[in-house]
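So the chains spell out like this:
There are 2 protein chains.
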Amino acid sequence: MSASGFSFNVSARDNEARAGAITTPHGQVTTPAFMPVGTKAAVKAMAPDELKAMGYSMVLANTYHLALRPGAELIQELGGVQSFMGFDGAVLTDSGGYQAMSLAAINSIDESGIRFRSHIDGSPLFLTPESAVEIQEKVGSDIMMALDECTPFPVEHDRAMASLDLTARWASRSLAAREQNSLALFGIVQGSVYPDLRRISARQITSIDFDGFATGGLSVGEPKEQMLEMAALSASILPSDKPRYLMGVGTPEDLLDAIAMGYDMFDCVLPTRNARNGSAFTSRGRLSIKVSRFARDTRPLDPDCGCRPCQTLTRAYIRHLYMSGEILAARALTEHNLYFYRRLMGDVQAAIASRTYADFAKKTRDLMRSEEAGLAETDDAG
Amino acid sequence: MSASGFSFNVSARDNEARAGAITTPHGQVTTPAFMPVGTKAAVKAMAPDELKAMGYSMVLANTYHLALRPGAELIQELGGVQSFMGFDGAVLTDSGGYQAMSLAAINSIDESGIRFRSHIDGSPLFLTPESAVEIQEKVGSDIMMALDECTPFPVEHDRAMASLDLTARWASRSLAAREQNSLALFGIVQGSVYPDLRRISARQITSIDFDGFATGGLSVGEPKEQMLEMAALSASILPSDKPRYLMGVGTPEDLLDAIAMGYDMFDCVLPTRNARNGSAFTSRGRLSIKVSRFARDTRPLDPDCGCRPCQTLTRAYIRHLYMSGEILAARALTEHNLYFYRRLMGDVQAAIASRTYADFAKKTRDLMRSEEAGLAETDDAG
Chain A
617 MSASGFSFNV
627 SARDNEARAG
637 AITTPHGQVT
647 TPAFMPVGTK
657 AAVKAMAPDE
667 LKAMGYSMVL
677 ANTYHLALRP
687 GAELIQELGG
697 VQSFMGFDGA
707 VLTDSGGYQA
717 MSLAAINSID
727 ESGIRFRSHI
737 DGSPLFLTPE
747 SAVEIQEKVG
757 SDIMMALDEC
767 TPFPVEHDRA
777 MASLDLTARW
787 ASRSLAAREQ
797 NSLALFGIVQ
807 GSVYPDLRRI
817 SARQITSIDF
827 DGFATGGLSV
837 GEPKEQMLEM
847 AALSASILPS
857 DKPRYLMGVG
867 TPEDLLDAIA
877 MGYDMFDCVL
887 PTRNARNGSA
897 FTSRGRLSIK
907 VSRFARDTRP
917 LDPDCGCRPC
927 QTLTRAYIRH
937 LYMSGEILAA
947 RALTEHNLYF
957 YRRLMGDVQA
967 AIASRTYADF
977 AKKTRDLMRS
987 EEAGLAETDD
997 AG
Chain B
617 MSASGFSFNV
627 SARDNEARAG
637 AITTPHGQVT
647 TPAFMPVGTK
657 AAVKAMAPDE
667 LKAMGYSMVL
677 ANTYHLALRP
687 GAELIQELGG
697 VQSFMGFDGA
707 VLTDSGGYQA
717 MSLAAINSID
727 ESGIRFRSHI
737 DGSPLFLTPE
747 SAVEIQEKVG
757 SDIMMALDEC
767 TPFPVEHDRA
777 MASLDLTARW
787 ASRSLAAREQ
797 NSLALFGIVQ
807 GSVYPDLRRI
817 SARQITSIDF
827 DGFATGGLSV
837 GEPKEQMLEM
847 AALSASILPS
857 DKPRYLMGVG
867 TPEDLLDAIA
877 MGYDMFDCVL
887 PTRNARNGSA
897 FTSRGRLSIK
907 VSRFARDTRP
917 LDPDCGCRPC
927 QTLTRAYIRH
937 LYMSGEILAA
947 RALTEHNLYF
957 YRRLMGDVQA
967 AIASRTYADF
977 AKKTRDLMRS
987 EEAGLAETDD
997 AG
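Chains A and B supply the protein sequences, listed in that same order. Count along the first sequence starting at 1, add 616, and that's the number in the numbering used here. Count along the second sequence starting at 1, add 616, and that's the number in the numbering used here.
Be aware that a few hints might be false.
As the list makes no split between identical chains, a pair holds if one copy fits it or if it spans any two.
Computed cross-link-like contacts, SDA-like style, restricted to lysine to any residue with a CA-CA straight-line distance of at most 25 Å [as the list claims (entries may be wrong)]:
1. Lys754 x Ala911
2. Lys840 x Tyr810
3. Lys978 x Arg785
4. Lys840 x Asn631
5. Lys668 x Gly922
6. Lys979 x Arg959
7. Lys656 x Asp737
8. Lys656 x Ser908
9. Lys906 x Gly702
Derived by calculation from the structure, the hints in this document are not laboratory data.
Full structure from sequences and hints, please.
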């Protein structure tokens, strides 16, 4: 049974790309949508009202982290995570399956679920498909994610295959455990970099009546071409009448590719984490503010950008702030990068509506290659 | 000769307290004025336009720190520190004398000046009265401070006495070194906690035609009563037609005391540093957001406050942010504390204008003792 508070509507198509809107108990989210990552119910360096003012109407938080601190009961008591954060919008929560991989040293997995030791104080946290849904219902997530096992890269075919079956059983248990039917629940397709496994997993997961489907287990260290190949394969099998969510991806270029495959939703730490490492996404490509040639550069980060930092701060000053370890460097770069991603999604939506997406994507990509090439750091996240 | 771009006008008096305005090349500053500390040309966690919007029209930066990074020449080339920061207001720079004390391990002092080894990379920096003025002129400070020797606490009488004479000679050399007559230059009175030395120093320094006078060397570890006694003694000797600046002080209560003595200007790291340590100044007293009773408290930091954090974030959420190490905790508490100090100065100005200052100060102090007493941390700065 689909969630009563949730709907997805496609308003425009351009080849496989589509634009539309997701409706949640906490408002509407136009798609394609990028969700800033707010792991601990906070998007690092940003205030919730700034995110909203920038046009973000959905952010991502994390079940594992919130369960440990401040605890699901506290968030429930305070009216749900949106109210707790003071965010006038929707929240999607990842299930904790990703942490089973990223925090592998402190957890163990069996049929029943994932046993964690808190990375904060060592206290136990047992995430089962059922408890992950229960926590997310307490947290009041507009979109909950089913608990999955996210395999690392590389992983052997046999191991990935066994994991798929576990993830599929957990997916069924997750949907059966949902009690609050106003909240959406998405299933996650795995399969590592094996096409046969991606097909099997997509068929397994889409056979369950989730409100939307995610492609998971990518951007975990595999080569970019394999990521894109698996994302495309997975998208081609996911039903077209439900949102398609590519988890943990990616660069602006990755988003342009994935939108052409028919994906509707994205999350990634790149704009926020790279900001804290001194890297800005701009219309002309990436820019590392550490580079000494910016020391006397009085231009904004991106002369074509309308964000507040680009209206008020120069590259020279932001470089000084970064070199001096000032919090304002992280703030300015984060705000700029998130503004850039938000504007990109807005432009993408308009291009799809006018059926000019391929042309838009090519021009955007060409411009991003034009000027600042070679200045940026290597990606440090996925 | 007084600075051409600078003037000070007293518009109201209430006993020794006075309200007025300082006019600088970068605008007017109403007094009594609190200046947020932006050591490295940035008030930690704040954006310059936020400070201005909050009503701050002057901030403090530091000669030693700016000389090392990004360098006075760079700031000069980019139009001065106000333009470099994107701050639409005035900047006062401390001379570096305080760093001779706070960074004593990496400097040595003789008649000529202070020889530093950079705390960043060990490179040499030689601050003389002349070079300190030259650096501040390049930086374009609206108010420059003469290089002084700030003695630590405790210090022997003989040692403090010798230091006074050095500071007086440096003061004369500082004024003689000024080349840009549009920029104001203030002298600094020292004398540790010795009344005779405070009198001598005040007479020495006020015999020089500075644009304003500061009481320095307090809030460096001495008991509060001695700080207030020395501040009052010094104020009573400083000329009434020039601004009186009490350096490095203090708590809201200290400011109320010092304003009654006739001080016009203040700077202190307390509102910003304490914020980053989880402490909020409120109309009902101080509040440590770490305290567990705030975990479920949905009130703002200060129900009587109009700042943005108090309009958008709860104590429960800010506590979660603080416990989680989120940058937004530092931002919210800093913005709140600076708003509190700014509002206090506005209220003080109005109370002096209506000649109700003593009553205002008593009521404000009583209210600050009323509710949250015992929740706050000990001061961690001065």
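Hint by hint, here is what the structure shows:
Within a single copy, Lys754 and Ala911 get their C-alpha atoms only as close as 49 Å, which misses the 25 Å cut-off; across copies the closest is 17 Å, which meets it. Proximity of Lys840 to Tyr810 under the C-alpha cut-off of 25 Å is restricted to the intra-copy arrangement: shortest distance 14 Å within a copy versus 71 Å between copies. Taking the shortest alpha-carbon separations for Lys978 and Arg785, neither the intra-copy value of 41 Å nor the inter-copy value of 69 Å comes in at or below 25 Å. In this assembly of identical chains, Lys840 and Asn631 lie within 25 Å of each other by CA distance solely inside one copy; the values are 23 Å within and 74 Å between copies.
In this assembly of identical chains, Lys668 and Gly922 lie within 25 Å of each other by CA distance both inside one copy and across copies; the values are 16 Å within and 20 Å between. In this assembly of identical chains, Lys979 and Arg959 lie within 25 Å of each other by CA distance solely inside one copy; the values are 15 Å within and 50 Å between copies. Taking the shortest alpha-carbon separations for Lys656 and Asp737, only the intra-copy value of 16 Å comes in at or below 25 Å, while the best inter-copy value is 36 Å. For the identical chains of this complex, Lys656 and Ser908 are inter-copy neighbours only, at 18 Å across copies versus 34 Å inside a copy, given an alpha-carbon limit of 25 Å.
Proximity of Lys906 and Gly702 under a CA criterion of 25 Å is satisfied inter-copy only: 19 Å between copies versus 34 Å inside one chain copy.
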